[in-house]
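Visitor: Each chain, letter by letter, is given below.
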Amino acid sequence: MNEHVIETEGLTYVYPDGTRGITGVSFKMVPGEAVALVGANGAGKSTLLQHFSGCLLPTGGTVRVGGLPVIKENLPAVRRAAGMIFQNPDDQLFMPTVFEDVAFGLRNLGAPEDEIEPRVMKALEKVGAAHLRGRQPYRLSQGEKRAAAIAAVVALEPDVLVMDEPTSNLDPLARRRLIRLLGTFGHAKLIATHDLDFALEVCGRTIVMHGGTIAADGPSAEVFRDAALLERCGLEPPPSFGPRR
Amino acid sequence: MHMADALISPAVGGTMWVVSGGLVAYSARKVREEADDRKVPLMGVLGAFIFAAQMLNFTIPATGSSGHLGGGMILAILLGPYAGFLVMASVLTVQALFFADGGLLALGCNIFNLGFFTCFLAYPLVYRRIAGDGLDRRRIMAASVLAALVGLQLGAFGVVLETVASGISALPFGTFVLLMQPIHLAIGVVEGLITAGVVSFLLEARPEILSAASARRPIGVSIRGALVALAAAAAVAGGALSWFASTRPDGLEWSMFRTSGKEELESGGGLHGKLAALQEKTAFLPGYGFRKAAGPEAGDAPSEAAWPAVDAGTSVAGLAGGLFTLLLAGAAGLLLSRRRSAARNPAGE
Amino acid sequence: MQTIAARTFDIGYMDALAGGDTALHRLDARAKVVVTLLFIVFVVSFGRYEISRLTPFFLYPVFLVSAGELPAGYLLRKALAAAPFAFFVGAFNPFLDRAVLFHLGPLAVSGGMASFLSILLRFFLTVTAALCLVALTGVNGACAALESLGVPRVFAAQLLFLNRYLTVLAGEAGRMARARALRAFGAPPPGPSLFARLAGQLLLRSYARAERVYSAMLCRGFDGSLPLPGRSAFGRRDAAFVAAWAGLFVLFRSVDVPRALGILLTGLFK
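Chains as they are written, first to last, in our numbering: chain A, 1 to 245; chain B, 1001 to 1349; chain C, 2001 to 2270.
Check each hint, because a few of them may be wrong.
Claimed, not checked - Reference listing, derived: stretches of chain C covered by chain B, where coverage requires no fewer than 3 residues with Cβ under 8 Å from a Cβ of chain B:
hint, region
1, 2009-2019
2, 2163-2171
3, 2198-2210
4, 2236-2250
5, 2256-2262
In short, the hints are calculated from the structure, not lab data. For glycine and all other residues, C-beta sits at the position ideal for the given N, C-alpha and C.
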């Protein structure tokens, strides 16, 4: 396997209507690395994330996931390597029960029927949601939905977890549980978030996006200490970090 | 305009189940042939959209009463006839299950009345003809209004036909039609305006959705063959079911004969069923004042029909027995519940 | 029309009931769907003036409610909420159809009164049976049953998706309605043109959601065919359930049980 789970080189995306999404984005991630992706609304975080699942294909530059270039022919393998966790779990949990939802990806991968149950349960146990197996997604709390969505992705054993705003809509306790849970995962993680305290706690490295390009890329503590940079990019230092006012 | 189980005969309900079932199967095959993966979640979410939009009320101008969206034409415009029909059928199915809207036996009728006419007749023959392939706003608006109106008129006509065919009522076909169609003209205009409003909103916000939809060539020649096959299936099913109903000694007429002791009951008592069906329509639009129309009709009721009193002893025995049966059923239920809770309590729950 | 909140609550509550664990819940959904359909066909097959012979059929919903540990009060209220319709359907009958059908002591019972009562009974029976079916199997169970009874897969998948996003979109519609109501200060519901814009807004959100769901499906290997939940086996208990009720329905239809009971009773008192 390639030594990088994610690798982009001059990645550029222009929307069909001519809007520039991202321009010349280049970065690499090694296995097990946790990277936060921060930036104001419209900075290009979501556009960037969609390239790792092949939901968008670059209009310029290259993306590699798990060593494979993201092109049409590779999409099944790419989608196996990068586990996307959507911002709104309701978009992601579309099957009638939690169990069926976790099984969805496994069945699509052609896992034999007798392996599905143990693999689903293993994934659910990993996120502490085994008791939710028969529940219907819309009856879950936000924290439970988040856990179920993560289980559905973890069950496919991806190389890298790609998460969009995982702490949105979570109460403090559920947020804390999520932080602990992510700490138990050995996967590489790329997490787009507005929750800079969360980024600081979970990710050793932070990439700041601004206007569709990378404005900064470095150890989280250093990035968040650069108040001028944050202000330029429409961000505020995390509360636990910033100057007391 | 949901048909209800209480209003239809098993023969009509069964026939319409066969017909609508055939249409669902045919549409499902067509959708599969289109092989548009995107449609799988889109159809489901749009079905939920129609469901949710139907929960919102609006005020019908000049009446003060409130109405709600039907939505069949919107679905046909966005998804094409086959997928649109499937989605409409699914909405009606879930409504029948969750809210007892319509009913399970009447589901076939309802799918046909609200889905078939709109998606397979009004959409290809009215909407597409007027709207054309372009995105001309005025044409689309006019097409939406007219097509929704035509679809509802046909649907109302379907209700009349099914009610008449059920043989529950004897209200003259012509009178029933004359009462039903104007009411649904009013409903149809409102539905058409809303359809046009939604479509034009979409035309402004996301024109590409409509241009993709109008680029489809939805109805080929095959629809004609399918319709012929459908008519044949309906004829066979209807024929078989009514033969079954008429030859079985416990058919509808026979049981009525037995209850009343007179076969002529059929002609005398038929009116109310028809009016009842009519009432169903007016009940949805209490502000329209059509309910009054039932009054004069009532005067015309051929009440001179002799109703020979059945042997009172038998009736009393029947009613007493009925009450007793109810009591027995209730007691059985109570007993069962008590035994269950008794069986559970020792377990310490 | 109920409020959105009430309807959304109903959906959730019915599904919660379906999560119960009684012998009836554990029965194969197909058995329950088939028996419910049979039940409805038998009930509506009676003549329009039939009253007493409908009464044995109460045994079925009563059995489902008690053996399935369903909340009788709630289901009754729900059936009654649907009843105004049946009431309107039948309420004119006593005025239209005044010919005397039979005398009950001093009381002359007209054809209209009898048929009104009959319509109400039918309505009540068919509605409660359908409600019990959903409360015992859930929409998902009923859909899976329909699929294995031959309903096309595309349609079964459609029902599942519809059921999944029903509450999500009903919630959005409810929030939109509330947001409007909070600033409407007692104004009546919107007219058609404003309604069309609200619905259009909701439609746009639905489209966006469908697109997100689609990409979530793609991310987990969706290739056009939806793997539906595995189905359970149709066992001996299920067959026995169907056979027993089908036999009872045929009995109730072919033999006038209440009349026999009544003759027995009135004979005893004579």
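Visitor: Just to make sure I understand the rule, a stretch counts as covered if three or more of its residues have a C-beta closer than 8 Å to a C-beta of the chain. Does the region 2009-2019 of chain C meet that for chain B?
Guide: Result for this restraint: holds, n = 3.
Visitor: Please verify the coverage claim for the region 2163-2171 of chain C: does it have three or more residues whose C-beta sits within 8 Å of some C-beta in chain B?
Guide: This one holds; 7 residues, not fewer than the three required, reach chain B with a Cβ under 8 Å.
Visitor: Just to make sure I understand the rule, a stretch counts as covered if three or more of its residues have a C-beta closer than 8 Å to a C-beta of the chain. Does the region 2236-2250 of chain C meet that for chain B?
Guide: violated (count 0)
Visitor: Has the region 2256-2262 of chain C got at least three residues whose CB is nearer than 8 Å to a CB belonging to chain B?
Guide: holds (count 7)
Visitor: Okay, the region 2198-2210 of chain C and chain B, do three or more residues pass the C-beta test at under 8 Å?
Guide: holds (count 11)
Going down the numbered hints, you'll see the structure goes against just number 4.
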